[in-house]
Amino acid sequence: MKMTGAQAIVASLEKEGVELIFGYPGGQVLPLYDALYDCKLRHVLTRHEQGAAHAADGYARATGKVGVCFATSGPGATNLITGIATAYMDSVPMVCITGQVPLSVIGKDSFQEADITGITAPITKHNYLVKNANDLPRVIKEAFFIARTGRPGPVVIDVPKCLMTTTIDFDYPETVRLRGYKPQAEGKAEEVEAVVQALAEAKKPLFFIGGGVITAEAAPLLRRLAETQQIPLISTLMGLGAIPATDPLFLGMVGMHGTVAANRAVMECDLLVGVGVRFDDRVTGLLARFASNARVVHFDIDRAEVNKNVVADLAVVGDLRWSLAALEAAMADFAKAGGPSRWEDWRCQVSRWSQEAPLGYQKSDEVIKPQSVIEEIDRQTKSDAVIVTDVGQHQMWAAQYYRYQRPRRLITSGGLGTMGYGLPAAIGAQMGKPEEQVVLISGDGSFLMNCQELATAVEHRLPLKVAILNNKVLGMVRQWQKLFFNQRYSYTTFANGGTDYVRLAEAFGATGLRAERPEEMPQVIAKALATEGPVVMDIRVCCDENVLPMVPAGAPLDQMINGEVK
Amino acid sequence: MRHTLAVLVENRPGVLVHIAGLIARRAFNIESITAGYTEQADVTRITIVVEGDNRNLEQVVNQLSKLVDVIKIVELTAEPSIERELALIKVKARPETRSDIVDIVEIFRAKIVDVNRETMVIELTGEETKIDALCEVLADHGIVEMVRTGKLALSRKPGAAKDSE
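Going down the list, the sequences are from chains A and B. Each residue of the first sequence is one higher than the one before, starting from 383 at the first, in the working numbering. Each residue of the second sequence is one higher than the one before, starting from 12 at the first, in the working numbering.
Mixed in with the good hints there might be a few duds.
Output of the computed footprint for chain B on chain A, the stretches with three or more beta carbons under 8 Å from beta carbons of chain B [claimed, not checked]:
1. 499-508
2. 559-568
3. 678-686
The list that follows gives simulated cross-link-like pairs (lysine-lysine, DSBU-like), each with its CA atoms no further than 30 Å apart [to be verified]:
4. Lys-168(B) with Lys-586(A)
5. Lys-523(A) with Lys-815(A)
6. Lys-718(A) with Lys-570(A)
7. Lys-513(A) with Lys-168(B)
8. Lys-564(A) with Lys-103(B)
9. Lys-585(A) with Lys-690(A)
10. Lys-570(A) with Lys-162(B)
11. Lys-77(B) with Lys-564(A)
12. Lys-122(B) with Lys-570(A)
13. Lys-815(A) with Lys-718(A)
14. Lys-83(B) with Lys-564(A)
15. Lys-397(A) with Lys-77(B)
16. Lys-864(A) with Lys-854(A)
17. Lys-513(A) with Lys-83(B)
18. Lys-122(B) with Lys-690(A)
19. Lys-523(A) with Lys-168(B)
20. Lys-101(B) with Lys-570(A)
Here are some of the chain A residues that sit facing chain B, going by a computed Cβ distance under 8 Å [said to hold, decoys possible]:
21. Ile-528
22. Asn-689
23. Lys-690
Keep in mind the hints are simulated off the structure, nothing from the lab. Computed from a predicted model, the values in this text were never measured in an experiment. Where is the CB? At the ideal position from N, CA and C, for every residue including glycine.
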């Protein structure tokens, strides 16, 4: 079938089952936008390309599908970079299609030209500069395959404008042939056997779960395995929701702002079973002291993660749906023979830690405590909203005080720690899950970084609710200044008391609500949830609150600041 | 320790930059890197010498393996292999020192590939240490400029890298 390159891109996206695209048009991508004009694909115009990338990312994390975004060449494409890097660090499947100047002027420093394949090489799973219009269907087929298989990640396709107007014979390939890329779902059975042996020998086993469990849709498997074997679990930020926060075996988040119980358990365990984790430095603290009494087992689909940060004594490389199922099958007899009862003392010990040192903060009738806002949102949404966060103190409180019950319920920038991620990601999540209640928990610093996307939320009348924990400072940076820089608060206070977010919301056509007193806060949240369309809550919280417990960067996990607060 | 890797990649523009960039940004040191066509027109073979312990090497191999354009990586350090470098050395050669230089060239089984009134250009292929040795001797005569390819390596086993496990 004869069609232009631009039409072929659209037809290819339809073949891949794409429903939604986030993007921003511009000169070099105009033919593609022209082709979009008369097709069924839904396109969402964000107000900034960074918003488009984060929205595609939020959509992908909420739905498990591949997020798609478009941008024009040069500045349009470079504006995607933070979004692409964010997706790369958290293994989010994404396909980004960027316009490029025509082939004849590539390399001439042409107007709006940037070497986007060169720029994105370190932050993409793969990228393409297409040179022949006939390659477009094959490249798109490959891009989606690469983005969603193995360890997922973003793929960039850079398309020179001239290819979009070239006529080709469209034929969408059925299969992908890539010599160098053959993701292996199944690993080696003997690797699993070795883990069974190690578990049988362990006295204090501990599951350590990460975002990979959610990505692989392996959470139910893991939960069943942990419950049958009665093994306690700890989670990374990215793994929250894989195990219900209320599960008695679950000790909470580990690492810099982890719970006392989770951090103690790592230091005490004699077998640490990492599942879909990458042993990030925010989790391990001082590497030399991390799980120093334990043999380390690592389940991951990416072989390069094994021994990257922590040396694993045993590793099982493969899709978690395969490896956890294999482990479950191999452990069945052990469980029937009462094996898990040997870990009774260990379970009692860790649950005692949980009871002795629960997360806590000083309550107040005078000022709104940020933690109490999260608790109230948790209560009013029955622990079942899709929570999206930005980055900073509010993110950590949202991780600590919301009780996630299911996977894909926390959408947050873990690896890159991208301020400004929240609002566009929440838009993407809400569009991917229109029937769910999406709540963005943000800080005033983060929110300002992409607040223009309120216009997008308003345009689409999204039922999105935004809770800004407004402390008029850059809270997390200020916390570090307080603890490690002698309270020298260098440029972390917003002048003139910050921004009026109620009026900001109204300027964009959204509803703005404000809570200044503790007793107003629950009503404001209730009103926001009951109000149609996007609502921004300007919740004035005290500025001097710290995220606790805290392990200073580079310290071992048992050196917690204020870990015993009631 | 130095490790020699044979990396078979898709013959695509930018692939060498991609490989070199990945090694550099993961903070591994590249000692030398050479690339060229192979018996298959669509495959480029890159010989990389990296410095690091075994854990570093494992990371380099695993990270490189993730690149979609990388078809296969074989570590040649551990197996018997032929290793060669090519050097072109331009050395000062006055009429009274020429015969000396010719003697040296013969001893090293190198080749004189160009002569003019003031200089000679000598070509030598061989192991890195042999080229180093020749350079050292020629230094007495004054090396004007030189160029070396970096290491190429080929396993002595009967099969090809592309077929190995």
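Here's how the hints hold up against the structure:
1. 499-508: holds (count 6)
2. 559-568: holds (count 4)
3. 678-686: holds (count 3)
4. Lys-168(B) with Lys-586(A): Violated, at roughly 48 Å.
5. Lys-523(A) with Lys-815(A): With Cα atoms ~25 Å apart, Lys-523(A) and Lys-815(A) stay inside 30 Å; holds.
6. Lys-718(A) with Lys-570(A): Distance ~25 Å between Lys-718(A) and Lys-570(A) Cα, so the pair holds.
7. Lys-513(A) with Lys-168(B): Measuring from Cα to Cα gives roughly 39 Å; hence the hint is violated.
8. Lys-564(A) with Lys-103(B): Since the Cα atoms of Lys-564(A) and Lys-103(B) sit roughly 54 Å apart, the hinted pair is violated (cutoff 30 Å).
9. Lys-585(A) with Lys-690(A): holds, 26 Å
10. Lys-570(A) with Lys-162(B): Between Lys-570(A) and Lys-162(B) the Cα gap is close to 36 Å, so the pair fails against 30 Å, i.e. violated.
11. Lys-77(B) with Lys-564(A): With Cα atoms ~10 Å apart, Lys-77(B) and Lys-564(A) stay inside 30 Å; holds.
12. Lys-122(B) with Lys-570(A): violated, 53 Å
13. Lys-815(A) with Lys-718(A): Not satisfied, since the Cα-Cα distance of roughly 40 Å exceeds 30 Å.
14. Lys-83(B) with Lys-564(A): Measuring from Cα to Cα gives roughly 12 Å; hence the hint holds.
15. Lys-397(A) with Lys-77(B): Within the cut-off at roughly 27 Å; holds.
16. Lys-864(A) with Lys-854(A): holds, 16 Å
17. Lys-513(A) with Lys-83(B): Roughly 25 Å between the alpha carbons, so the hint for Lys-513(A) and Lys-83(B) holds.
18. Lys-122(B) with Lys-690(A): Violated: Lys-122(B) and Lys-690(A) sit about 47 Å apart, past 30 Å.
19. Lys-523(A) with Lys-168(B): violated, 38 Å
20. Lys-101(B) with Lys-570(A): Violated, at about 56 Å.
21. Ile-528: Status holds, d = 6 Å.
22. Asn-689: holds, 6 Å
23. Lys-690: holds, 6 Å
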